[in-house]
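**Q** When we follow my numbering, the leftmost residue of the sequence shown carries the number 2, and every step to the right adds one.
Among the hints, a few may not be true.
What follows is a list of derived Cβ distance ranges for each label pair [said to hold, decoys possible]:
no.	residue 1	residue 2	range
1	Thr-40	Pro-65	29 to 39 Å
2	Val-14	Gln-56	18 to 28 Å
3	Gln-56	Glu-77	31 to 41 Å
4	Ser-16	Arg-75	54 to 64 Å
5	Arg-68	Ser-16	26 to 36 Å
6	Glu-55	Cys-11	13 to 23 Å
7	Ser-80	Thr-40	52 to 62 Å
8	Cys-38	Gln-58	20 to 30 Å
9	Arg-43	Ala-63	25 to 35 Å
10	Tyr-74	Arg-50	31 to 41 Å
11	Asp-62	Cys-38	28 to 38 Å
Source of the hints: derived by calculation from the structure; they are not laboratory data. Glycine included, each C-beta is placed from N, C-alpha and C at the ideal position.
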Amino acid sequence: MALMMECDECQHVQSVGIIENGLPGGYPNPHQKCEKCGTAGRYSAPGARKRLEEQMQGIVDAIPDPRVFDAQYRLEKLSPKDSS
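Throw the hints in and build the complete structure from the sequences for me.
**A** What follows is the structure in structure tokens.
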């Protein structure tokens, strides 16, 4: 059974090794080149890059916009205080 990996540059999926007895037989050859773009040794599990990008976008979306925070801070700081 072949060990399939995805090129980090062009997302082309190709065989980079052999799986024996259900276990990976070793690491992919770091000098093996992508069949499509020719980049050597930059591989991930198929779909891993897309999943990572989706996770990172979720983290970025959760971070508040610093411009909004700065505007709220200025409104609180510069608004006249009641001195009654």
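**Q** A separate judgement is required for each hint: does it hold in the structure or not?
**A** Going through the hints against the structure:
1. For Thr-40 and Pro-65, the hinted distance range of 29 to 39 Å is satisfied, since their beta carbons lie about 37 Å from each other.
2. A hinted range of 18 to 28 Å for the beta carbons of Val-14 and Gln-56 is consistent with their spacing of about 20 Å.
3. The supplied range of 31 to 41 Å is met by Gln-56 and Glu-77, whose beta-carbon atoms lie about 34 Å from each other.
4. For Ser-16 and Arg-75, the Cβ-Cβ distance of about 58 Å falls inside the hinted range of 54 to 64 Å, so the restraint holds.
5. Between Arg-68 and Ser-16 the Cβ separation comes to about 48 Å, which falls outside the hinted range of 26 to 36 Å.
6. Glu-55 and Cys-11 have their C-beta atoms about 19 Å apart, which keeps the hinted 13 to 23 Å range intact.
7. At about 56 Å, the beta-carbon gap between Ser-80 and Thr-40 stays in the expected band of 52 to 62 Å.
8. Remark: the range hint 20 to 30 Å for Cys-38 to Gln-58 is upheld by a beta-carbon distance near 25 Å.
9. At roughly 29 Å, the beta-carbon separation of Arg-43 and Ala-63 lies within the given 25 to 35 Å, and the hint holds.
10. Between Tyr-74 and Arg-50 the C-beta distance comes to about 37 Å, which sits within the given range of 31 to 41 Å.
11. The hinted window of 28 to 38 Å between Asp-62 and Cys-38 holds, with their beta carbons roughly 31 Å apart.
Consistency with the previously given hints fails for number 5 only.
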